[in-house]
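Colleague: Going down the list, the protein sequences come from chains A and B.
Just so you know, we're using the UniProt record's numbering here: the first sequence kicks off at 1 and counts up by one.
Just so you know, we're using the UniProt record's numbering here: the second sequence kicks off at 1 and counts up by one.
Among the hints, erroneous ones may be present.
Said to hold, decoys possible - Computed footprint of chain B on chain A, listed as stretches where at least three residues anywhere in the stretch have a Cβ under 8 Å from a Cβ of chain B:
| no. | region |
| --- | --- |
| 1 | 22 to 28 |
| 2 | 55 to 67 |
| 3 | 111 to 122 |
| 4 | 254 to 266 |
Claimed, not checked - Partial list, derived from the structure: chain B residues whose beta carbon lies under 10 Å from chain A:
| no. | residue |
| --- | --- |
| 5 | L37 |
| 6 | F47 |
| 7 | L246 |
| 8 | L394 |
| 9 | Y401 |
Just so you know, the hints here were simulated from the structure itself, not pulled from any lab data.
Think of the CB as a built atom: it goes at the ideal place given N, C-alpha and C, for glycine as much as any other residue.
Chain by chain, the residues run as shown.
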Amino acid sequence: MPASTYASPMEKGWYYLHRLICTAVLLFLIAPILVIIPLSFNSVPFFSYPMPGLSLRWYQEFFLGNQWQVALYNSIFVAVSVTLLSTTLGTLAALGLSRPNFPWRAALLSLLISPIMVPVVITAVAMYFFYADVGLLNTYLGLILAHTTIATPFVVITVTATLTGFDHSLTRAAAGLGAPPVTVFFNVTLPLILPGMISGALFAFGSSFDEVVLALFIASVDQRTLPRTMFSGIREEINPTITAAATILILFSIAMLTTVELLRRRSERLRGIRNS
Amino acid sequence: MVTMAVQIARGPDGMPLRTKLARVERRRKLRAFTLVLPLLLFILIGFVLPIGRMMFNAVHDDTLLTLMPRTTAALSAWDGADLPDESAYAALAEDLKQAWAQRATGAIAKRINYELPGLGSQVTSSARKASTLSAGPYKPALIEINPLWGRQDVWSLLKRGSSAYTAYYLLRSVDYQYGPNSEIVASPPENAIFWDMFLRTLGISIGVTAATLLLGFPVAYLLATLPAKYSNLLMIMVVLPFWTSLLVRTVAWVVLLQQHGVLNEMLLGLHIISQPAQLIFNRIGTVIAMTHIQLPFTLLPIYSVMKTISRTHVRAARSLGAGPFYAFWKVYFPQTLPGIAAGSLLTFILCLGYYITPAMVGGPNDQMVGSFIAHYTNEELNWGMASALGAILLTATLVLYYVFNKLVGVDRIKMG
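Input sequences plus hints: build the corresponding full structure.
Modeller: Quick look at the structure:
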């Protein structure tokens, strides 16, 4: 959309200035993420261009080094458990909350998604004191429960969003035709909310996989996760293996972003919502 | 007719339909609540309870009450004017002996050291000596062991310990503390660090919010006005960072901005600067990294509001004779205000609680309230202070969250 031919020179000036500012801001947003990818193939442990040669040594260290391997395993184990737990809890709650005239719906919803509004450092300190008393400190179970607390709101939000405009007469029709509640859920409700559930599950997985503050407070070195290892790596001498780890995480986010976007489109198509 | 209506209003089992419907409704509500219950319990036990306990810890400290029961009891009648009499000293000696036998002097010393720095070790050593005392009078004996037991401020502190509740931690958080006679005085300069820290937290948060608004508004406008095939492409550039791990982005900034990082080497190579500029581990680095992280949070709500603004409004204003800037300012801009309010409030709330980013890319003078909470929890092990600072931060966050809810509505929070 070029500048209108009827525009005054001043308007044209503003038009190009606006474009220039936007280009700069978009570069600011995307450049740091893109700059780090080529550096992960650098053959020397420095962070500057031009690179003297290419090598896969940092990836080798990431996938074969004991420290990173344990961290990767821990991260995946914790995130998968968190995903299963939070998707179940969150979907059930969203289903309940979406029933028409649920009492105190707004207040309850605010309470259930408050874990993402409360600063994580407060959650971490509070859980640290609490877990110290109940003996969950420095355990996998403690870390999983803590991550589930901050991951579940994402599931509640996405599934609730899928359920807005959900046609409850569909479930009534199924029930009227003689289907027991369980059949209604699995054959009618579930296929419709599945895209929301999967997006929520991905968000939950991502939020656990990326979480560092809780991992620092309530877990020990034995339960170290990928972000925690990266955090200590930056605080000390920054090791180029971090760039390899970062690149893998970026690819991971791109894959997640694509999946969620595809699911969102599918869900809108299923529910007959047209995006203008 | 009347009999028929009565018959219809009753089901086959003779129960009025109204009652039956109410019963079905109640059962349905109960079932809906049962679905919510597991998560509600999980959040209440695993989240609300721990945070409530932390808030409680900010004003509750019964260390002295439980470890020095006799002394605190004896002091309940003390008027605080002169040093207490022999009975209080006898109680103190008894408590110190018991604490020494139970190895509890460390906790007492730590508690006294919070309010009167430097006295901790003296408390421990005098407890060791007091454990050898066998008979009174205790008052001269204890003061002989250590002159600290003849100090008014120490006894005032012990008297305050007779209550399990203390305002000390909250007072310290706003740079006040107790004086020698339990009056509230301003903290001495070496302790008065918190007011500065809160101002810094506010300053950085406001600065980052303003920066995201300035940078985000033009881009949101571009995205909202471009045809879909271009804006979808550009949208990826906004959403990808939003989805990228926070750690990855922080690593990226360290790599870019450090002394021999990409940006410095580039500027040196182009002969723009003659020596590497300090761009990270200071305020600049903190604000850049935080702005980068928060930009999508501010931008996306503005964008979604702009999408709903009809372009015909500005065209109408133009055709009625308004200049391009006047039309934008008077017709378009006011309609974007809900988005601006939502986006900047969200960013401001999130900024207040930042801990990891300032810790990684900031210097010692860029640490915000979150870092102090972490420091008191992990390093000083002063949980009262951590709880008090946490309580203040949490209260601020919840108040803003409430405003956000009233303004935007919690239902409108969307992902991606």
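Colleague: Quick one: see if chain B covers the region 55 to 67 of chain A, three-plus residues with Cβ-Cβ under 8 Å.
Modeller: violated (count 0)
Colleague: Would you check chain B against the region 254 to 266 of chain A, counting CB to CB pairs closer than 8 Å, and say if three or more residues qualify?
Modeller: holds (count 6)
Colleague: With 10 Å as the cut and Cβ atoms as the points, is L394(B) at the interface with chain A?
Modeller: This hint holds: L394(B) lies near chain A, its Cβ roughly 5 Å from the closest one there, short of 10 Å.
Colleague: Do three or more residues from the region 22 to 28 of chain A put their C-beta atoms closer than 8 Å to C-beta atoms of chain B?
Modeller: holds (count 4)
Colleague: Report holds or violated for chain B covering the region 111 to 122 of chain A, Cβ cut-off 8 Å, minimum 3 residues.
Modeller: It holds: at least three residues are needed, and the region 111 to 122 of chain A offers 11 whose Cβ sits within less than 8 Å of chain B.
Colleague: Given a cut of 10 Å on the nearest C-beta pair, is the interface hint for L246(B) held or broken against chain A?
Modeller: With Cβ-Cβ at 6 Å, under 10 Å, it holds.
Colleague: Given F47(B) as an interface hint, is its Cβ closer than 10 Å to any Cβ of chain A?
Modeller: Hint on F47(B): holds, closest Cβ of chain A at ~5 Å, below 10 Å.
Colleague: Hold the hint about L37(B) up to the distance rule: shortest CB distance to chain A must be less than 10 Å.
Modeller: holds (8 Å)
Colleague: Tell me if the interface restraint on Y401(B) is satisfied: Cβ within less than 10 Å of some Cβ in chain A.
Modeller: holds (5 Å)
In summary, the one numbered hint that this structure violates is 2.
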